[in-house]
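Peer 1: Here is how the chains run, residue by residue.
There are 2 protein chains.
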Amino acid sequence: MTETVSPLAPTSFPEMPDIKGVRLATAEAGIKYKNRTDVLLASLSPGTTVAGVFTKSKCPSAPVDWCRQQLGGGVARGLLVNSGNANAFTGKTGVETVRLSAEIAARALDCSPSEIFLASTGVIGEPLDARKFEDPLHGMSGRMTTSWLDAARAIMTTDTFPKIATASVEIDGVMVHINGIAKGAGMIAPDMATMLSFIFTDAPVSSAVLQSALSREVENSFNAVTVDSDTSTSDTVLVFATGAARQSGLEPIDTVEDPRADGLLLALRDVMQDLAQQIARDGEGARKFVEVQVEGAETDLSAKKIALSIANSPLVKTAFAGEDANWGRVVMAVGKAGEPADRDRLAIWFGDVRVAVNGARDPGYSEEAASEVMKQAEIVLRVDLGLGSGSFRVWTCDLTKEYVAINGDYRS
Amino acid sequence: MTETVSPLAPTSFPEMPDIKGVRLATAEAGIKYKNRTDVLLASLSPGTTVAGVFTKSKCPSAPVDWCRQQLGGGVARGLLVNSGNANAFTGKTGVETVRLSAEIAARALDCSPSEIFLASTGVIGEPLDARKFEDPLHGMSGRMTTSWLDAARAIMTTDTFPKIATASVEIDGVMVHINGIAKGAGMIAPDMATMLSFIFTDAPVSSAVLQSALSREVENSFNAVTVDSDTSTSDTVLVFATGAARQSGLEPIDTVEDPRADGLLLALRDVMQDLAQQIARDGEGARKFVEVQVEGAETDLSAKKIALSIANSPLVKTAFAGEDANWGRVVMAVGKAGEPADRDRLAIWFGDVRVAVNGARDPGYSEEAASEVMKQAEIVLRVDLGLGSGSFRVWTCDLTKEYVAINGDYRS
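Each protein sequence line maps, in turn, to chains A and B. Its first residue numbered 105, the first sequence is counted upward by one per residue in our numbering. Its first residue numbered 105, the second sequence is counted upward by one per residue in our numbering.
Looking at chain A on its own, in the form it has when it is part of the complex:
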């Protein structure tokens, strides 16, 4: 579809350190795309712990059901991801496919199928033939030398660039690393593709601590990104901790009360927020990256609802596309959120330019100054409700004709 890379893409990719205990391989299984990789297999050393969060959709994909089921065990030996087919809304066939896929991956990695985690992204409603994994995965464990960038490339659908991020933190004198990859052109794609992210660390950390950190940080990272308000059937974030840093003398972090968990949490936050931003930057047709900051709300939850109401409003998003400092539409989006708001206390800024205050246009309003802000590729929109101390921040992008072209012109 889109041949060109998003103008909002990062200008360079970070150097990714090795994560001991993680090995990666990619292959071409020909699921839908030609002449590109579409399968990622990650091998995880014995003792790897795992945590996950998934779509809130009431119609989740078969791989999401599978992962939820296996997560109870808290351990993982492998991750199999494919692009080109989401294995969603495929009925009993889809359930059989995940069972068979896990068996094939388990044979390749010499572990139990219940230790295999699965994710699929792409067309929905099409049966996915698990046997397509057999040849590519056969003997794959002997060829696991793929780069993180190649791993991120194998899981792309309408993404215009691969998404990788890394962070390191010293704990008890031992440097531990966190690497993450993600895909998603804004949670959406021609056939309702998905937001997927897989994060790996060598920190020795229990699945309970990992789950607690992930559940906490997802709120301000992946759950704070929106391109078009459409939630996929397949959204999946998995974090794997191989514990390999234990070989350097690091004692395991087994409880959330362990103060060393904080450092790890901050590093995890860096990786997750970095990847989440990249997804908004690769929003379909996006030409503007917009950070919506809502403050002065009664509660953080109220601020979140208002921030999402603004970030999802087609009128606000088209105003950004048109470089129009149309704060009236922001007022509309605040008003329609249904959350406590007092028109006469509302203040709105585009960048540093205050355009509205006390429920009316700012007396010192300069159309020229506001227009200057709107011409930027990255814009901060700030709203102060003047009611309390609740706040939230959402990342999004503009709504362009290119978005309609990608999703309307294309026939799957």
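Note that these hints are calculated values from the structure, not bench results. If a hint is listed, it holds; no wrong ones were tucked in.
Repeated chains share a single entry, so a pair holds when one copy, or any two copies, can fit it.
Derived EDC-like pairs: lysine to aspartate or glutamate, alpha-carbon spacing no greater than 20 Å straight-line:
(1) Lys505 <-> Glu427
(2) Lys136 <-> Asp233
(3) Lys162 <-> Asp446
(4) Lys124 <-> Asp254
(5) Lys124 <-> Asp276
(6) Lys162 <-> Asp448
(7) Lys162 <-> Glu402
Got chain A sorted already, so can you dock chain B onto it with the hints?
Peer 2: Showing chain B alone in chain A's frame:
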């Protein structure tokens, strides 16, 4: 902006009967537009009852605040509507404007300002100078001979055609009439214009009965239309009953228990649903009129939330624009609604073509047959959840590049 009439516009306008007790006039006040009418004044005979419903926005416009306040009286002598400026988010100035506007209209119609109802639509955040009404309204009561079509034209903003509807019903041998006008290019417009509708009848009916009928019927008419999920600050529906049919011997309908209220309610429903459909047909950039029917939900409310989730989904709307029978996106929209749904009981139809059943693609699915349906200008999308007997129907339109052009290219 848009010079051409929506291809979904009605092919002819209905003959509108006179409503005794109602006189209309329009004028050019030069509020924003040049060389077109932008003010509508309706004179209502003494004893006219009134009912209203308004935007649920937490940031309503000054005229909405005014109408809510006056509605308690239950009587009306005049209606003043202007296009070109919404008088929304205008602070204390806006409050002063509605007070002054009501005074000017009251002078023209020789009544009390509290008997004047007001509505404004157009740019928001710009002060509206009430003195602009003085000259046009001066002596206007002597020139009140405007047609219903002209009345509907005077309140248009980005609408591509005026919206009028009529229905008649015989009660106790007396024919009573209901005429309505509306504006709204899908609840939205370049400066977040509004959905406005004004309905007039000569039936002798108390304001309590009128309010009960209006509140009940608005749910399946104006509250069942969406173009882009953006709720305006100014949405207003007012119904006026002059009671002039009493002169033909019709006894007043004073309680909702009066069985004669039912006939009136059905006629009111016809007018409201007709006008609501016209709004979706004039959705900005619309090329397809879509009726979303959800049935088999646990409750009607649940069906409504799912129907709106489908009708507001940018991915579903762009699929209609692309004539793509992409039922996977419908599954996605059902799933994201957060309402009870069982993936494996879901069935989906485009027109008469069942595309999905029992949580998977219909075994007899024909891409060709589905594509044929998608080429039509009017499409019914039906979803059966298979859970209960809750149902709801929403009217909407597709999301086209023209929508983005209208709202993104245009600088107010």
